[in-house]
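Undergrad: Here is how the chains run, residue by residue.
There are 2 protein chains.
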Amino acid sequence: MRVQFNTRILGCSAALPTSLRHTTVQLLRHDSSHFLLDCAEGTQMQLRRLKLPLMKIDRIFISHLHGDHYLGLPGLLFTYHLLGRDKDIHIYSPPGLDKIIEIQNEISRLRPSFEVIYHEINKGGEVLYSDSSLSVESIEMEHRIPTYGFLFRESEAERNIRKDSISRYNIPVSQMPGIKKGDDLKMPGGQIIPNEKITTPPSKPRSYAFCSDTGYTESYLEQIAGTDLLYHEATFMADKAEIAKEKTHCTTIEAATIAKKAGVKKLMIGHYSARYKELGSFLKEAESVFPNTILAREGELVEIGSEE
Amino acid sequence: MRVQFNTRILGCSAALPTSLRHTTVQLLRHDSSHFLLDCAEGTQMQLRRLKLPLMKIDRIFISHLHGDHYLGLPGLLFTYHLLGRDKDIHIYSPPGLDKIIEIQNEISRLRPSFEVIYHEINKGGEVLYSDSSLSVESIEMEHRIPTYGFLFRESEAERNIRKDSISRYNIPVSQMPGIKKGDDLKMPGGQIIPNEKITTPPSKPRSYAFCSDTGYTESYLEQIAGTDLLYHEATFMADKAEIAKEKTHCTTIEAATIAKKAGVKKLMIGHYSARYKELGSFLKEAESVFPNTILAREGELVEIGSEE
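Residue numbers (my numbering), protein chains in the order written: chain A, 1 to 308; chain B, 1 to 308.
If you're looking for bench data, these hints aren't it; they were derived computationally from the structure. Bear in mind that the values here come from a model prediction, so they are computed numbers and not experimental data. Please note that a few of the clues may not be correct.
Same chains, same names: a pair is fine if it fits in one copy or spans any two.
Computed list of lysine-lysine pairs in DSSO-like fashion (alpha-carbon distance at most 27 Å, straight line) [what the hints assert, rightly or not]: (1) K123 <-> K240; (2) K181 <-> K260; (3) K245 <-> K51; (4) K247 <-> K87; (5) K245 <-> K123; (6) K180 <-> K56; (7) K99 <-> K277; (8) K163 <-> K180; (9) K56 <-> K277; (10) K240 <-> K277; (11) K181 <-> K123.
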């Protein structure tokens, strides 16, 4: 059984929320870690409504400081305080977010019950966070203010020792770490059992790229190449290409072109302009360029790497 | 037919929103004017969900700068900008709100399409706004940071000229304004018709007091005396009186005592702590002191002065 790796869509509307759609926020889960990607107004209510583990979120990644991507953060932090949180929380964003939050705390005379650790993002391709099983890299977007996407990549896993080999060769615990890394088994009599005979290859590391908001650019194609799942903004349909360009957003066709050129396995589009009530045509347009496309839909859970 | 005077409850939870209840916000309507009282996170979505006239709001009254009372404001203003609003918007609040909003605009490089006019509230009993039919006064609350309630009072109306008198005495248009103010009718032959014979008394002006958040205090009893509808916070039930005091909030019994001592016509309680799932007992406790009590319930419209 592989560890859980999925993203829950809590909001996928562009700048204006509608009565049915919140603006951008996703809850990414990898194993027991929970990451928030952007934090639109209403995030804490969405987390509650969907009975998601609000308190388990320790790292929040904010793509940029347009209101529709971060205005739920002050309320979420206030709620953490009211619930008596004492665990640190790490927030990754372009510069300025600390000032926005701190002036609010100052004026409301709030001293949070926990530490907020701000990490400023100043360039793409930077490793923002890593642990033994996952790393997170910034991706430089092209937008009206400094904006970054996020690339979540599982670490190279170890080889799996076959259960039948363990009993057959009576593999000592002391040799197991080496064997998982690819070493051969050394028997007490000096005999060597080749690694391939006693192990199976590790699962392929999975990856998720979150790209919102951006105008069309090929500058990050290489960085996201081969990603299992690419979330890419597609604010407009193709007939609004001029408006998209002017507002530094992408159309369905542009998002799908990125997916195709980067050779990703699957594309999920979102960040739909509020002018669109019906999303079926979004999907059709994107599929015409990149067939393995899905729509981000509020409330849904999307598995990462399920194609393998 | 009297002009519309009512308040729509868009949120009535205390500091923490729950999956069913937003934090404090009400949309007050008087005739064709729409006022927002506080502006909790999610206000713009609530306005949309309930199909309320988002764009008609020209004045927003913020009681105090704790997050649960104003965190929906930045998103609402951002939405106004995106919708191309050009009408000014007036915001009344204790000092500091302009700094909170302006740093956000600066960092997101936003120059709103409309003017925001900030009005600082620095004391109670001050007329914050008035027009020909309504005035709004600040009420000083007792809370951990500067906090004000709001008293909405209709102006004294004019007397109504009886339709049957108009034809009977052939009342000239030129005399009508005077007669509405109480003058007698002067007939062409010099005869005087007493005002009471040709008019009916004006409707009694209606009033609404919005009091959130506050510890128990009798300091504003006189100011709100006789109010048609008093909205008063009742964060806790009576057995939590100690916690209420410590957090400068009121219990059901305290809110009802205020209503009784001020001789208001009707009490509406709200600002329920998230710990309470069921509100029936809130009502019972308050009714034991002040029988004409109702519960604020999300989505409901409450008429002001309907008792007359």
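Undergrad: Hint by hint, say whether it matches the structure.
TA: Verification of the supplied hints:
Taking CA atoms no more than 27 Å apart as the test, K123 paired with K240 passes in neither setting, with 30 Å inside one copy and 51 Å between copies. Taking the shortest Cα distances, K181 and K260 never come within 27 Å of each other, neither inside one copy (34 Å) nor across copies (77 Å). In this assembly of identical chains, the alpha carbons of K245 and K51 never lie at most 27 Å apart, being 38 Å within a copy and 32 Å across copies at closest. In this assembly of identical chains, the alpha carbons of K247 and K87 lie at most 27 Å apart only when taken from different copies (24 Å versus 39 Å within one copy).
Taking identical chains as interchangeable, the C-alpha atoms of K245 and K123 lie at most 27 Å apart only when both belong to the same chain, with a minimum of 23 Å there against 50 Å between chains. Within a single copy, K180 and K56 get their C-alpha atoms no closer than 31 Å, and across copies no closer than 67 Å, so neither meets the 27 Å cut-off. In the homo-oligomer, the alpha carbons of K99 and K277 never lie at most 27 Å apart, since the shortest distance is 36 Å inside one protomer and 36 Å across protomers. Taking CA atoms no more than 27 Å apart as the test, K163 paired with K180 passes inside one copy only; the shortest distance there is 13 Å, against 98 Å between copies.
When the C-alpha separation of K56 and K277 is checked against a cutoff of 27 Å, the pair qualifies only between copies, where the shortest distance is 24 Å, while the shortest distance within a copy is 34 Å. Proximity of K240 to K277 under the C-alpha cut-off of 27 Å is restricted to the intra-copy arrangement: shortest distance 15 Å within a copy versus 47 Å between copies. In this assembly of identical chains, K181 and K123 lie within 27 Å of each other by CA distance neither inside one copy nor across copies; the values are 33 Å within and 71 Å between.
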